[in-house]
Structure formats: C-alpha cells, structure tokens
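Please dock the two separately framed chains into a single complex, following the hints provided.
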Amino acid sequence: MKIDRRCFLTLGAGLAVGTTLTPVPWKLMDDVSIWTQNWSWTPVPEKGAESFKNSVCALCPGGCGITAKLVKDRVIKIEGREDYPVNKGSICPLGLSGAQYLYGPSRIKSPMKRVGERGSGRFEPIGWDEALGAVSTKLAELRTKGKPHSVACISDSDRGTVPYLVDRFLLAYGSANFIRTPSFLDTHELALYLTQGRQGAIGFDLENANFILSFGCGLLDGPGASGRNFQLVSHLDRHHQLVQVEPRLSDTAAKATKWLAARPGTEGALALGIAHVIVRNRMYNIDFMENFSFGFEDWTDEAGTPHMGFKTLVQDYTPSKVAGITGLPPEEIERLARAFARAKRPVAISGLGRGPVAGNIDETLAVHALNALVGNINQPGGMMVIPEPDFMNWSEMQIDQTASMGRQQSRIDEAGTEKFPNTRYLIHRIPEIINNTKGESPIQALLITDANPLYTVENTAATLKAFQKIPFIVSFSTFMDESARYADIILPNHHFLERYQDVPMPEGSAQRIIGLCQPVIEPLYDTRHIGDSILAIAQSFDGSISTAFPWKDYETFLKETFSENWETLSENGYWADPRTPAPWQEAFQSPSGKYEFYPTARNNRSGADTDALPGYRQVPISGDEKTFPLVMLPYNSIRLVSGAIANSPFMMKTVDADVLRDGISFVQINPATAKTFNLKEGDFAVLQTPRGEANVRINLYDGIMPGLVAMPRGLGHTAYNEFIADKGANVNALLDTVLDPSSGLNTGWGIRASLRKV
Amino acid sequence: MTTHTDTPNHDSANGSSARKGASGWMVFAFFAVGFIVSVLSGWFAFPDLLYSEKQQPIDFNHALHLDMVSEGCESCHYFREDGSYAGVPELSSCVDCHTSVQGADPAEETFVAEYVDNNKEVPWLIYSKQPNCVFFSHAAHVKGAGMDCETCHGDIGTSESLKTYQENRITGYSRDIWGHNIARIGNDGMKMNDCAACHLEKTGTKGACFQCHK
Chain F
9 MKIDRRCFLT LGAGLAVGTT LTPVPWKLMD DVSIWTQNWS WTPVPEKGAE
59 SFKNSVCALC PGGCGITAKL VKDRVIKIEG REDYPVNKGS ICPLGLSGAQ
109 YLYGPSRIKS PMKRVGERGS GRFEPIGWDE ALGAVSTKLA ELRTKGKPHS
159 VACISDSDRG TVPYLVDRFL LAYGSANFIR TPSFLDTHEL ALYLTQGRQG
209 AIGFDLENAN FILSFGCGLL DGPGASGRNF QLVSHLDRHH QLVQVEPRLS
259 DTAAKATKWL AARPGTEGAL ALGIAHVIVR NRMYNIDFME NFSFGFEDWT
309 DEAGTPHMGF KTLVQDYTPS KVAGITGLPP EEIERLARAF ARAKRPVAIS
359 GLGRGPVAGN IDETLAVHAL NALVGNINQP GGMMVIPEPD FMNWSEMQID
409 QTASMGRQQS RIDEAGTEKF PNTRYLIHRI PEIINNTKGE SPIQALLITD
459 ANPLYTVENT AATLKAFQKI PFIVSFSTFM DESARYADII LPNHHFLERY
509 QDVPMPEGSA QRIIGLCQPV IEPLYDTRHI GDSILAIAQS FDGSISTAFP
559 WKDYETFLKE TFSENWETLS ENGYWADPRT PAPWQEAFQS PSGKYEFYPT
609 ARNNRSGADT DALPGYRQVP ISGDEKTFPL VMLPYNSIRL VSGAIANSPF
659 MMKTVDADVL RDGISFVQIN PATAKTFNLK EGDFAVLQTP RGEANVRINL
709 YDGIMPGLVA MPRGLGHTAY NEFIADKGAN VNALLDTVLD PSSGLNTGWG
759 IRASLRKV
Chain B
264 MTTHTDTPNH DSANGSSARK GASGWMVFAF FAVGFIVSVL SGWFAFPDLL
314 YSEKQQPIDF NHALHLDMVS EGCESCHYFR EDGSYAGVPE LSSCVDCHTS
364 VQGADPAEET FVAEYVDNNK EVPWLIYSKQ PNCVFFSHAA HVKGAGMDCE
414 TCHGDIGTSE SLKTYQENRI TGYSRDIWGH NIARIGNDGM KMNDCAACHL
464 EKTGTKGACF QCHK
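Sequence lines, in order, name chains F and B.
Going left to right, the first sequence walks through residues 9 to 766 as the numbering used here numbers them.
Going left to right, the second sequence walks through residues 264 to 477 as the numbering used here numbers them.
If you're looking for bench data, these hints aren't it; they were derived computationally from the structure.
There may be inaccurate statements among the hints.
Label pairs and their calculated CB-CB ranges [unchecked claim]:
hint, chain 1, residue 1, chain 2, residue 2, range
1, B, G467, F, F16, 53 to 59 Å
2, B, E344, F, A609, 56 to 62 Å
3, B, D359, F, S48, 40 to 46 Å
4, B, Q474, F, K85, 21 to 27 Å
5, B, G366, F, G20, 54 to 60 Å
6, B, H361, F, F399, 50 to 56 Å
7, F, S48, B, N456, 22 to 28 Å
8, B, G346, F, S144, 49 to 55 Å
9, F, E149, B, E344, 53 to 59 Å
Below, a list of computed lysine to aspartate or glutamate pairs in the DMTMM-like style, where the Cα atoms sit at most 25 Å apart [as the list claims (entries may be wrong)]:
hint, chain 1, residue 1, chain 2, residue 2
10, F, K473, F, E125
11, F, K117, F, E149
12, B, K317, F, D39
13, B, K383, F, E58
14, F, K473, F, D734
15, F, K121, F, D534
16, F, K55, B, D322
17, F, K80, B, E413
18, F, K55, B, D439
19, F, K688, F, D666
20, F, K352, F, E342
21, B, K383, F, E54
22, F, K80, B, E316
23, F, K85, B, E353
24, F, K155, F, E422
25, F, K77, B, E353
26, B, K317, F, D666
27, F, K77, B, D345
28, F, K155, F, E132
29, F, K61, B, E344
30, F, K80, B, E384
31, F, K55, B, E353
32, F, K477, F, E149
33, F, K55, B, D368
34, F, K55, B, D359
35, F, K319, F, D619
Every residue gets a Cβ at the ideal spot worked out from N, C-alpha and C, and that includes glycine.
Bound conformation, chain B alone (with noise of 0.2 Å):
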C-alpha cells in the first residue's frame, strides 16, 4: 500500500466536498446568470439604449392640414416639374398660410416666430433618410409602380403629431431604417433587404446594384 504524502489536502477516498474550489452548480450558477442577463438586456435594455429620443422642431398637426388641402399628401409632398422629388417642404410651401399665426397652438406659435420671422428653414429630422449611397426615384415608385405613400411611409397623414424621432447613436439614422423590431421581425424598415424583398415580390428579381448605387 503506498501512501501520498506530497498532497496531504487530497482525499482519494472521499470525492470532492473537501475540494477548495466552487461546486460545479455554483459555477453553472453564473453561467446562468450570466446567459439570462446578456439576453434579456439584448433583447430589451440594448434597443432602448442604442437610441436617444429626439424630438422634431415643431410638433406638425398632419391631419389638420390635410384637410385643408385638395390633393392629399401631394400637395405639400410633390414632384417637381424635372420629376425630382421635393421630400418635406421648405418653409416657402407654409408662408402663404402662416405669416401670421392661424390657431391657438402653441406649436404654432413657435414656428411662425423662430422661423417664418427670421426666414429661417426648420431643421425637420427625416425618418426615411437614406445614405448617400443610395439613389432612390420616387418618380419611379409612385407614377411608374403607382404605389401610395403608406405603403413604405405609414399612415403619416392622419397623425395628429410628429411621433418621436428615435436616432440611432451609432450611426445617426432613424430606427425606422432597420425596423422598429430589433430583431427585424415584421419587416417594416427601409435597409436594403427590405428594398430587395419587395421588389422580389413585384418584379420578380431583387435588382441588379447599380440600379439603387449609381
């Protein structure tokens, strides 16, 4: 029988309890935790934290305007006589109306003496904005495929304010590119894929690059 003598602390015998070291469900303890933690603020705390919260410079009534006007979203959101795309009036498309102040909005107050007064542009943050990079023709998506503004747009119209603006820290653009589902479920941003995806659909073939990269 030969004894061990150099490790007087090990207990061949006996198993582990007399060991220094954590249990093997302790140690697994914090593999849990820390599974649980990484998850859930990934799936919940990262989202919140990847935007901040901006809000646009004046908070627009769209459904008090449009019913004033005749021709729906294209009134003040219209193709220019080149067929380029105005995007969000200048403050030239408001003046007509607003020299002076209409309502009793306080909203409205602010526009008309911080900028019709000073003639100054309102720095409107735009939620579809897109990279440079890209070459988008709303000539083509609205008169050629004769889509309507809701479909890639939501139903902006009937908003009685301007929802917040929820800016991406990282990159600068809005959440409504990637998708307001971190996961990219429901599919309804405005990155590439989504682009490919619709235009699979309708036309049968994602598109070649240089269509959208000039």
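Extracted from the complex, chain F is given alone in its bound form (with noise of 0.2 Å):
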C-alpha cells in the first residue's frame, strides 16, 4: 500500500469539498460579518429608563434654556428647550457639548492643593476642611495685617445670587475689589447710565425688527442665544434687513442683506455720518426728540456757559468727510442713513460677540444715539432697557471697623476713582498696576470664579507676570483651565448640569427672564457648590461677617432670594418680569430726566463740548507702522469658544482644516497682501505683534481687507484637555489693550502686526 503527496492533496480536497457541504463556511463568513462589526471601544449608551429634565445651560451668558435627555442616571443629550422664551428650542454647539464638559476629562474631581511649582498642573487632592480651611486662615492672616482691601475676586459675572454672595463677602470682609472681566456690557452699561441714568442692561428686541443695522456684531459668530440668533438671521428678506458693519466677511457679514467694510476702528464715525443724514434731513423722530431729550440742540447749563449739541457735533460728519474716515463711499452712506430712518421699525446694534472686549464708549453712546434719534427706545423691535430685577430683598448688614477701613481704599484698578468715575471694573489695567509696583503686591489674595484671566486678558505674558507676583490664588473653578491650573487651592464648583443657580439677564436678550438652572444629576465628584464655599468661608469668620451669612447653604439663600417667586422659577424653569419696558415719559433718570444726548454725567476732565459729546476720535493701536506694517485683527466664530471655557471635543471638530490644522491656527489676509509679503495659501510664516509672536499658516481670503490680518479667538489653550490643549495660539497673548481715556476701558479692536515667512 503505498501513501504518496497525492493521497495528502486528496485529503485536502475532501476535507475542502465535504466542508463545504457542512455549515461551516457559511456560518463562519456571517460570524466573521458580525466580528467586524463589534467595535467595543465605541461608546453606547445603556439601555434603560429615559428621562427628560430642563435646565438652564451656564457655559455662556447666554442663557439658553435646555432639556437633558437622561438614561437612568447619565445625561446623554442636551437639546435646546422648546418652550424657554429666550432660545426657543434653538441651541448652539457649545450648550450642545454639555454633557462632554459634564463627563470629560477636564473635571475637577475634588479640593486640590497645589505641591508642584505654579503652573506645572501638580496637585494634590486635599479634603474640603482642609481646603477651606487653608483659605479662611490665608484671609483671616490678611485681615488681621489690616489689609482686607488686598482680597480681589474676578469673575466673568456680577448678576444673580453667586456673584451677589461673592460681593457681599467681600464687603462684609472689607474689600471692594470684585472684577468683572471685559465684555461689551461694560460700554453698554456705560452708555445706558450716561444717557438715561439707569442701571441695567441693554437688550435688543432684534426679533420685531425689520432693520437692523449691526457695527460689527458678529450675531452668527457666538454671542447671546445663537440659536436664538441663527433663526433671525435665517429669516431675512426684503422686510427684514439685516446691515452688517465690518471690515472683514465674517459668518453674519455673509448671510446679512449687505454688508459694509468699513475700516476696523471707525464704526463710530460711520455711526456719526449715519446721524448726520438723519438729522439734516430732519427724520428723526419728532416727539422724542422735542420732548424727550435733552443735549439734542445747543444748550446752556446754569452757570450760563453754551454747550453744544449733539445736532452741532454731527454737522461735521458729512458723508463725504466719513467716507474719507471708514472708506466707505459717501452715497452708500446717504443711502444706508435714508432706509435706516425709514423704516419702521429700525434698531442699531454694536458690541455683540466681539469677544470679551469693552469697546470703544464713543462708538457705544453714537449707536444709542441712532436708537434715540429714532425714538425706538423701549419700544418693539428697539433698543430695550433691562433694568434689575426689583424684588429681591437680601437682608442687611453691619460691617465692622476693618471691613469700613477697607472699603474705604480705592480699587486696585482704579474703576470709579476720580481717574476712572464713571466705570465699575477695569480688569485689563491690574497686570501693569502690579506688575509696576515695587514690593508687595497690591492683590495678596485673588479668588477666581467663573472666570479664566490667565487666558483672557489681553497682553498674556504681562497678565502671567503680574500674577506671579500675587502670593495667594484660589479657583472655584470647575474645569482644569489656565487659571486653575495656576492656582495654589483649588475650591471645585459644580458642573452646571449638578447644581442650581439662577440665570438673570440673557445677554443680548429683550426678554426679561430670569432662568433657573436645576441640577439633572447628582455630582459626580467630590465637588461642592460655589455658594456653598462662599458661606463656609464666611462663616469661619467671627463677628459681623458670619452674622451676614445666615443662611444654612445655598439652595437656603436661593429660595429665600425668590421668595414667593421661587415656586414659579422651578416650577417654570424661568420667572418672567411682569414689569413692561418703561414709556418715554418714566424711562429717563437722567439728571435732566429725559434722554441725554449730551451726557451731562460723563467724566470730562478737559470740560470740552466735544469730549464729553461722542465724537469719533481716532483709537491709536499700539505698534509703529514701519515694524509691523499690518494690521491684526481677532475674529469670533461660532464653531470656536472665546471666553473661558474651552472648546469641546464635539466643536474642535467641526473647526475647519484651513483656521486650525495639526496644531497651528491660519490667519487670514487679503491676496492682494499676500503678494505684498510674498505669501501664498498654506505658506507657514510667524505673526508678530509688539507683545509677542506666534507660529501661524496663510489663508487667502478675498473677504478680507488689504492691510488687515485676522486671527481666530479661542485656539491656544494650554490647559483643559488633550482635545484642545497646545492647538494653535492664544490671540490674547498677541494682542494688547488700548485705553480709551475718559473712561480706561479697553475699546482695542487690534494691534499692529508684522507676518514673515518661514
């Protein structure tokens, strides 16, 4: 019997022809399908019981009211509520990615203590007692030094009931530096109080409009209730107009009925040129200009000293001299003015998602000017008047000698002194105020709540030097960002979606609400609610200062707050303010008691008509022309977060390959500079500005002027996560702050900047 190769390959051909008449192959190709298709490593939620809770979404100001859509006990989607007054069921990318920020990698699980050096992100995690232990006695030490006015607070808020503890600590404790950082509310504020005499907030009711002539807010690129937003701007057509103001295409500039590049800088001019039709041609409207305001025409004061007019100062402001200031051609000004004035039901916008800066108060108080000259203030489709909400009754307190002491010192950054009257927070000056004093440092203590500085004032490295200086820094931060991760004690806050807090104020909005944000799950971590810390602090005080906090916790003082209105906010999720906008004849608190076109209140040291009138003054940048030839502009969009919080992962993706790519933000210039610069598209090249340079790549883009580079906000953080850290670069550490001198807000719009390739 002889066994050669061949029986072994008949072998393997009946084992391969009986195999195929067995299952096995079949079974095995539609085993193998579904193998491929088990990818364990992708998330899915778990199956279980849903639930839908409503909140209010705190990543922005906002204010969206939203709907967490839970499986048992973990959010898995948030969506915009459908019946909340201020969103509508809209919202952005960022309220959106809430649960990311709830579930990431970013949190703050616990108390943290700083053992490594400042900066290098190493802590350790500490017990409550301990945390807030360190913090009493480190302010307990300075109030017994006699410095309590050494205490500073930042944060990026001073409405509602967190910030309204945060203040009265501080006051009760005896400091009166509580700092809001920058934001247009700071001019409109301004404005609102320099023209009317009330405190408050602007909202603009952009909904009933039908013309809305916009100096730059980017309504597409972030601000307020996108959503909300989106949904205006997707509705235009030839009875809704949307005019944009600026000097680059920006997302708003491109879906607006038409857009105007004026040169960056000279919206205020074109504002003027604008009123200056209005008035020669005598559209205004009539009864609020003849009874309801004051400054209008030429005036004398009761010393007997003539005062000119707002109608005087915009004599000057031809169209053809405008033209000259913003580049625009005189006719699109005459014609621009006409279909504003006529139409009937015009609002004029300025400050709106231009990133967290002040702006400029002349530009502000021209663009009220407009509102006022078409009497739509107050009234559907204006300029609303929001004013605080009435009933909220805190108790009051007694504060003891060194808390009065205290008090009594001027602000560390000289808001409200005889430099700055008018204004209430200049953040932007304390990095050079202690940066130029010698010795100790005039902040011994900062607390940082809801607030990132160390990313978002401008001028970085000035910012970071100033606060090496300042021996001892707490954040209640919730999320690992750049001041956090520079702070010696770390008091973690709730997640939004863990805690209450009221919402007061949309930003932007004409509504006026107040929202509740509910916590939809309890705390993942170890972290406890800012107002809890607040009052433990206190607390640990003896005398006046604990006796001003009675409340057992926060939730105690929030109820306590709304009073009989609680039941509405949680019922609702939102209060809404039965107070109506005021009619002309009660709106005005103005020392005239009517609109103030000439605001008699302003800081005029010179005692000159026009200095205290808005006239268009020219705002210098810092650079000289010769070394940076360029002028650099920062731009917001939709898709990247500007202000404290970071991107999430959700939104880097959405960011387009040729604004961020492999870790390097694109600047986008005019080809027509490009040639200039011998730069092409994708060309690497280093920005540099008088503050510092960055590494950036060229995009072309005719959408922008020749002359001009813009940078987008939000990309360079070095903190948070790996989805966003060390990606592309901080346009706030570029730039720099340019002081309007009246008022010592930063009204910087940009800064000189020179690109060469590399």
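So, in structure tokens, the structure goes:
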C-alpha cells in the first residue's frame, strides 16, 4: 500500500469538498462579518429608563433653556428647550456639548492643593475641611494685618445670587475689589447710565425689528443665545433686513442683506455720519427729540456757559468726511441713513459678539444716539432697557471697623475713582499696576470664580507676570483651565448640570427673564456648590462677617432670595418679569430726566464739549507702522468659544482645516496683501505683534481688507485636555489693551502686526 | 522495433503495477476520509466548538415567581409610561421581597448576599440581545400586533431554571439568535431573516430597511 503526496492532496480536497457541504463556511462568514462590526470602543448609551429634565445652560451668558435627556442617571444628550422664551428650542454647538464637559477629562474631582511649581499642574487632592480651612486662614491673616482690601475676586458675571454672595462677602470682609471681566456690557452699561441715568442691561428686540444695523455684532459668530440669532438671520428678506458693518466677511456678514466693509475702528464715525444725514433731512422722531431728549440742541448750563449739542456735533460728520474715515462711498452712507430712518422698526446694535472686549464708549454712545434719533428706545423692535429685578431683598448687614476701613481704600483697578469715575471694572489695568508696584503686590489674595483671566486677558505675558507676584490664588473652577492650573488651592464648583443657580438677564436678549439652572444629576465628584463654599468661608469668621451670612446653605439662600417667586421659578424653569418696558415719560432717570444726547454725567476732565459728546476719535493701536506694517484683527466664530470655557471635543471636530491644522492656527489675509509679503496659501509664517509672536499658517481670503490679518479667537489653550490644549495660538497673547482716556475701558479692537514667512 | 533505453523502469506492456505511486483506490480513500471527517465535524463538532457554555449569574426560577404575580410576564417585564420596554428587570424589582432570604435555595442566598446587599445589578446574559444597529420596538409587536411573549422567546415562564447561555465565541451573541440548529432548520432564530419571514407572513411584506435600522 503506497501512500504518497497525492493522497494528502486528495485528503485535503476531501476535507475541502466536505466542508462546503457543511454549515461551517457559511456560518463562519456570517460570524466573522458580525465580529468585524463589534466595536467595543465605540461608546453606546446603556439601555434603560429615559427621562428628560429641564435646566438652563450656564456655559455662556446667553442663558438658553435646555432639556437634558438621561438614560437612567446618565446625561446622553442636551437639547434646546422648546418652550423657553430666550432660545425657543434652539441651541448652539457649545450648549449641545454640555454633557462632554460634564463627563470629560477636564473635571476637577475634589479640592486640590498645589504641590509643584505654579502652572506645572501638579496638585494633590485634599479634603474640603482642609481646603476651606486653608482659604479661611489666609484671609483671616490678611484681615488681622489690616489688609482686607488686598483681597480681590475676578468673575465673569456680577449678576445673580452667586456673584452677589461673593460681593457681599467682600463687603463684610473689607474689600471693594470685585472685578468683572470685560465684555460689551461694560460700554453698554456705561452708555445706559450716561444717557438714561439707569443701571441695568441693554437688550435688543431683534425679533420685532425690520431693519437691523449692526456695527460689527457677530450675530452668527457666537454671542448671546446663538440659536435665536440663527433663527433670526435665517429669516431675512426684503422686509427684514440686516446691514452688517465690519472689515471682514464674517459668517454674519455673509448672511446679511448687505455688508459694508468699513475700516476697523471707524464704526463710531459711520454712526455719526448716519446721524448727520438723519438730522440734516429731519428724519428723526420729532416727538422723542422735542419732548424726551436733552442736549440735542445747543444748550446753556446753570452757570450760563453755552454748550454744544449733538446736532451741532454731527454737522461736521458729512458723508464725504465720513467716507474718508471709513473708506465707504458717501452715497452708500446716504443710502444707509435714509433706509435706517425710513424703516418701520429700525434698530442699531453694537458690541455683541466681538469677544471679551469692552469696546469704544464713544462708538457705543453714537450707536445709542441712532436708536434715540429714530425713537426706538423701549419700543417693540428697538433697544430695550432691562432693569435689575426689583424683588430680590437681601438682608441688611452691619460691617465692622476693619471692613469699613478696607472698603474706603480705592479699588486696585482704580475704577470708580476720580481718574475713571463712571467705570465699574477695569481688569486690564491690573497686570500693569501689579507689575509696576515695587515691593508687595497690591493683591495679596485672588479669588477666581467663573473666569479664566490667564487665558482671556490681553497681553498674556504681562498677566502671567502679575499673577506670579500674587502670593495666594484660589480657583473655584469646575474645569482645569489655565487659571485653575495656576492656583494654589482649588475649591471645585459643581458642573452646571449638577447645581442650582439663577441665570439672570440673558445677554443681548430683550426678554426680561431670570432662568433657573437646575441639577439633572447628582454631583459626580467631590465638588461643592460655590455658594456653599463662600458661605463656609464667611461663616468661619467671627463677628459681623458670619452674621451677614445666616443661611444654612446656598439652596436656602436661593429660595429665600426669590421668596414667593421661587415656585414659579422652579416649576417653569424661569421667571418672567411682569414689568413692561418703561414708557418715555418714566424711562429716564438722568439729571435732566430725559435721554441725554449730551451726557452730563460723563467724566469730562478737559471740560470741552467735544469730549463729552461722542465725537469720533481715532484710537491709536499699539505698534509702529514701519516695524508692523499690518493690522491684526481677532475674529470670532461660532465654532470656537472665545471666553473662559474652551472648545469641547465635538466643537473641535467642526473647526475647518483652513482655520486650524496639525496644531497651528491659520490667519486670513487678502491675496493682495499676500502678494506684497510674498506669501502663498498654506505657507508657514510667524505673526509678530508688539506683545508677542506666534507660529501661524496663511489662508488667503478675499473677504478681508488688504492690510489686515485676521486671527481666530479661542485657540491656543494650554490647559483643559488633550483635545484642545496646545492647538493653535492664543490671540490674547498677541494683543494689547488700548485705553479710552475718559472711561479707562479697553477699546482695543486690534494691534499692529507683521508677517514673515518661515 | 525500438527500445526505450532512457526509462528503464517503465514497462509499457504491463500497466501500472510496477509504478511507484499510490493506487487510485488509496487516493480515493484519502479523499473519502477527508470528506467524511469534514462533513461530520462540520455538522456535529463545529457547533459544539463554536459555542461556549455560560451559566447565568443566578439560577432564577420563573415558574416559582410566576405563581406569585398577578400580571404574568408583564409583572416584571413591563412597558414604561413612555412606551419603551423595560426588558430584564433591575434589582429594584426584586428587593421589595428579597431584602432578606425568602426560601431555602442556595441560589437565592447567593443573590441576596452578593447582589442585594451590595446594591449590585445582576449581570444577566440576554439570550435575545440584538446588535446596536437594530431598533426593535416591543410596543409595536406586543401592543400593536398583539403577539405573546412565547412566540419569540419561548416558554420561559414555566421553566424552573434558566437555560445555559451558549455564547458564540466569535461574535459574542447567544446561540438563540442564529437558531439552535446549525443549518437554521426549524426557524427558531432571531436573525433578520427570521423577522423578515414572519413579517412577510403577517403583513404581506418583509418590511423596509429603515423600519429596524434607523
């Protein structure tokens, strides 16, 4: 019997043929194909009971109502709340990512104590008693030394119960240094006060306007309730127009009815030019001008001194003069002015969405004046004054000797002093002040609540240098942001989806509501509500400080604050102010009792009328033309968060490859500019300004004026997590502040720059 | 007459008996062996090898519990208010009675000690588990079509113990999905074709893709 190779071959053949007559190959194919689809690394929500819980998003000042969808106790989706007045079911990419922030790796999971070098990110988790104790001890020490005024707090907001508690603590403790970070609120609040004598916020009733004249507001580029803005801009037609004035073709400009590319920084002049035409042609609201305004005509004061009125001021701003300043054709200015004044419900807006910049007070006053000229103040479709809620009655408090002495010291940023009497917050002055002080820093302890100054304040290098001199820094941040990373003690706040908090006065909205941020899950980590932390610190002191804080916990305080309105607030998730916009007879609380075109309360050291009136003054930006032949303009995008919070991983996925690629930011320049500097699309370059330099790449864009370089805000984070850190450059590190001499506010809209190829 | 001098071993007159190769029968025999071995192992050994046997964490007695409830299967396998199906009950359904050991069975003792006392969910193995791409609505079938549980899940309610979970080693799914028979004779599986067959019979069409694959 011979067995040879052929046998084995046929054995194999037999096996093969036989196998095809079994289920094996077919079953295996089916199984392997199923196996290839088993992607165990793809997160899939657990199956379980679904629930929907309402809350209000606190990731930006927009205050949109949200509904969180949960499976069992895990948040799996955030949606805009359909029946919420501010956003009516819409939501922006940031709000949509709320759950990513909740469960993401940037969360601080317990109180932390710094153990490495400042900024090294080396922290040790400690218990709450130890952490709160460390802060109380340090603050008590400063008080004993008679330096309570050396304690400062930086916060993005000064409205609502949490900022109130912090401010109340500083008052009882003895410091006036509650510092709000900049935004357009700074100039609008000031303008509101100067022209109408009121404290409050400005809202724009855009939904009911039919002609929106926007001086650079990035409606589609990020601010306020973005979803609401999107809905608005999506419904423009012949009867609902948006005219966008800005030097760059932003998304807003692209969707607007008309885009007018005025030279950057000249918006105030344009507003005055439009006013000129309206006044010349007598197209203003006669009733408003004759009965409710002051300082429109020339006037004489009590001492008999004659003063110039707004009417005389604008005579100078002829369309041809304004054309020379702005670069817009004079006919265009005429046409725009006439269209604006003739519209049924025109509104002029400024500030919103230019990022964390206060802006130019003269420009803001001029824009407010346009609204006054057409008589839309507190009218449907116009500029609305949103007053502070009137029912929040907080208990009176006694302060002791130390506190009284501390409060009498002027603010570290000199806001409200003789130098800058009408201004409330001037954070950008602080780095300079600290860096120029020989010896001990005027701020000995800094509390950072809901803010990220080490990222957002211009001239990052100077800010960092100043922070180095502050001996004690406490952060209440929920996330390991740049400022938290630099702190000595972190007392992490709950994530907004884990806490109660009132959300008053949604940014830019004409809605008079207060929203309620409500917890949708139990806190995931060992965090504590910032209100509770402040109460604990306050109650650790004896005497007047702890007496001023009798509440058991934050929730008790919150409920007491809202008293009989709490039920509505918690059931609906918001409370609507029943007061309607004040009619003109009652609206103005200025010295004259009318809308002041000539703001008599304005800090006017020179005494010249032209300084009180909102004339156009060119704001010089830093840098000499020779070394820095270009002008750098930061720009906002709906895909990049530019404030304290950093982009979520979801949002990073929406950033185009010609904005950020392989960790490098792109800057936009006009092809003509590119040619001058021998730059091509995609080239690697160094962007240099008087404050710093950054590695960038070139993106050629026809939608930007020659001579300008546009750089996106929101990149260049160095903390948070791997999805955002070390990607791109922080435009704030390249910027400088440019102070308006009368208010001290930062008007800086840009800085001179140079680009060189590498 | 010519002689082949270069192939001395070849005897053209005799045939193959002097050839050095295996006989045709031997070759065929090997083929046959291969054939039979593969057929038999394909039909009998393969199914056994393909599936691993797993036991449920607790040997639950359905019959015993069915006697004690008033609404049959739905007492524990119920529809929620929003119409979604709760599936296999969570610990919360059991603890009302089982905060302490009720009977004498050691399985229950394990259950209370390991799961109830530690508030730990029992990691039940789900026989009918479908992949994530499948959207199956119990409401449509039970409420809408009036089907009973046994039609798809078999008569579990009267069983006194939970059957072994046979897990496909390659895919991780239960043998119940393919169907117990390796050739899918008998149609007791829960694969797409099984759903389609029933749909065709009951509704006149196999259904559209998006009905189940959203």
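Each hint, compared with the structure:
For the pair G467 of chain B and F16 of chain F, the supplied restraint of 53 to 59 Å holds, since their beta-carbon distance comes to about 55 Å. Separated by about 59 Å at the C-beta atoms, E344 of chain B and A609 of chain F satisfy the suggested range of 56 to 62 Å. Checked against the hint of 40 to 46 Å, the pair D359 of chain B and S48 of chain F fails, with Cβ atoms roughly 35 Å apart. Remark: the range hint 21 to 27 Å for Q474 of chain B to K85 of chain F is upheld by a beta-carbon distance near 23 Å.
Between G366 of chain B and G20 of chain F the beta carbons are some 58 Å apart, a value that agrees with the proposed interval 54 to 60 Å. Between H361 of chain B and F399 of chain F the beta carbon distance is about 52 Å. The supplied range of 50 to 56 Å therefore holds. For S48 of chain F paired with N456 of chain B, a C-beta distance near 26 Å keeps the hint of 22 to 28 Å intact. Hint check: G346 of chain B to S144 of chain F, Cβ distance near 53 Å, so the stated range 49 to 55 Å holds.
Evaluation of the 53 to 59 Å hint for E149 of chain F and E344 of chain B yields a pass: the beta carbon distance comes to about 57 Å. Annotation: proposed proximity of K473 of chain F to E125 of chain F holds, straight-line Cα distance about 14 Å (limit 25 Å). For a cut-off of 25 Å, the pair hint linking K117 of chain F to E149 of chain F is broken: about 28 Å separates their Cα positions. Between K317 of chain B and D39 of chain F the alpha-carbon distance is near 19 Å, which keeps this suggested pair within the 25 Å criterion.
Annotation: proposed proximity of K383 of chain B to E58 of chain F holds, straight-line Cα distance about 20 Å (limit 25 Å). Between the alpha carbons of K473 of chain F and D734 of chain F the distance comes to roughly 20 Å, so the proposed pair stays at or under 25 Å and holds. For the proposed pair K121 of chain F and D534 of chain F, the alpha carbon gap of about 14 Å is at most 25 Å, so the pair holds. Restraint check for K55 of chain F and D322 of chain B: satisfied, since their Cα atoms lie roughly 23 Å apart, inside the 25 Å limit.
Pair hint K80 of chain F plus E413 of chain B does not hold up; C-alpha atoms about 28 Å apart against a cutoff of 25 Å. With a C-alpha separation of about 20 Å, the suggested pairing of K55 of chain F with D439 of chain B holds against the 25 Å cut-off. Distance restraint check for K688 of chain F and D666 of chain F: the Cα-Cα separation of roughly 13 Å lies within the 25 Å cut-off, and the hinted pair is therefore satisfied. For the suggested pair K352 of chain F and E342 of chain F, the alpha carbons sit about 18 Å apart, so the restraint of at most 25 Å is met.
In summary, the hint linking K383 of chain B to E54 of chain F is supported, as the alpha carbons are separated by about 16 Å, within the 25 Å threshold. A C-alpha spacing of about 31 Å is found between K80 of chain F and E316 of chain B, which places the hinted pair above 25 Å, so the restraint is violated. Restraint check for K85 of chain F and E353 of chain B: satisfied, since their Cα atoms lie roughly 23 Å apart, inside the 25 Å limit. A C-alpha spacing of about 17 Å is found between K155 of chain F and E422 of chain F, which places the hinted pair at or below 25 Å, so the restraint holds.
The hinted pair formed by K77 of chain F and E353 of chain B meets the criterion: a straight-line CA distance of about 20 Å does not exceed 25 Å. In summary, the hint linking K317 of chain B to D666 of chain F is not supported, as the alpha carbons are separated by about 54 Å, beyond the 25 Å threshold. Restraint check for K77 of chain F and D345 of chain B: the C-alpha separation of about 13 Å stays at or below 25 Å, so the hint holds. Under the criterion of a C-alpha separation no larger than 25 Å, the hint pairing K155 of chain F with E132 of chain F is inconsistent with the structure, at around 29 Å.
Using a Cα cut-off of 25 Å, the hinted pair K61 of chain F and E344 of chain B holds, with the two alpha carbons roughly 16 Å apart. A C-alpha spacing of about 13 Å is found between K80 of chain F and E384 of chain B, which places the hinted pair at or below 25 Å, so the restraint holds. For the given pair, K55 of chain F sits about 11 Å from E353 of chain B by alpha-carbon distance, which is consistent with the 25 Å threshold. Only pairs whose Cα atoms come within 25 Å are accepted, and K477 of chain F paired with E149 of chain F is accepted, the gap being roughly 18 Å.
For the hint linking K55 of chain F to D368 of chain B, the alpha-carbon distance of about 31 Å lies beyond 25 Å, and the restraint is violated. For the hint linking K55 of chain F to D359 of chain B, the alpha-carbon distance of about 23 Å falls within 25 Å, and the restraint holds. Only pairs whose Cα atoms come within 25 Å are accepted, and K319 of chain F paired with D619 of chain F is accepted, the gap being roughly 15 Å.
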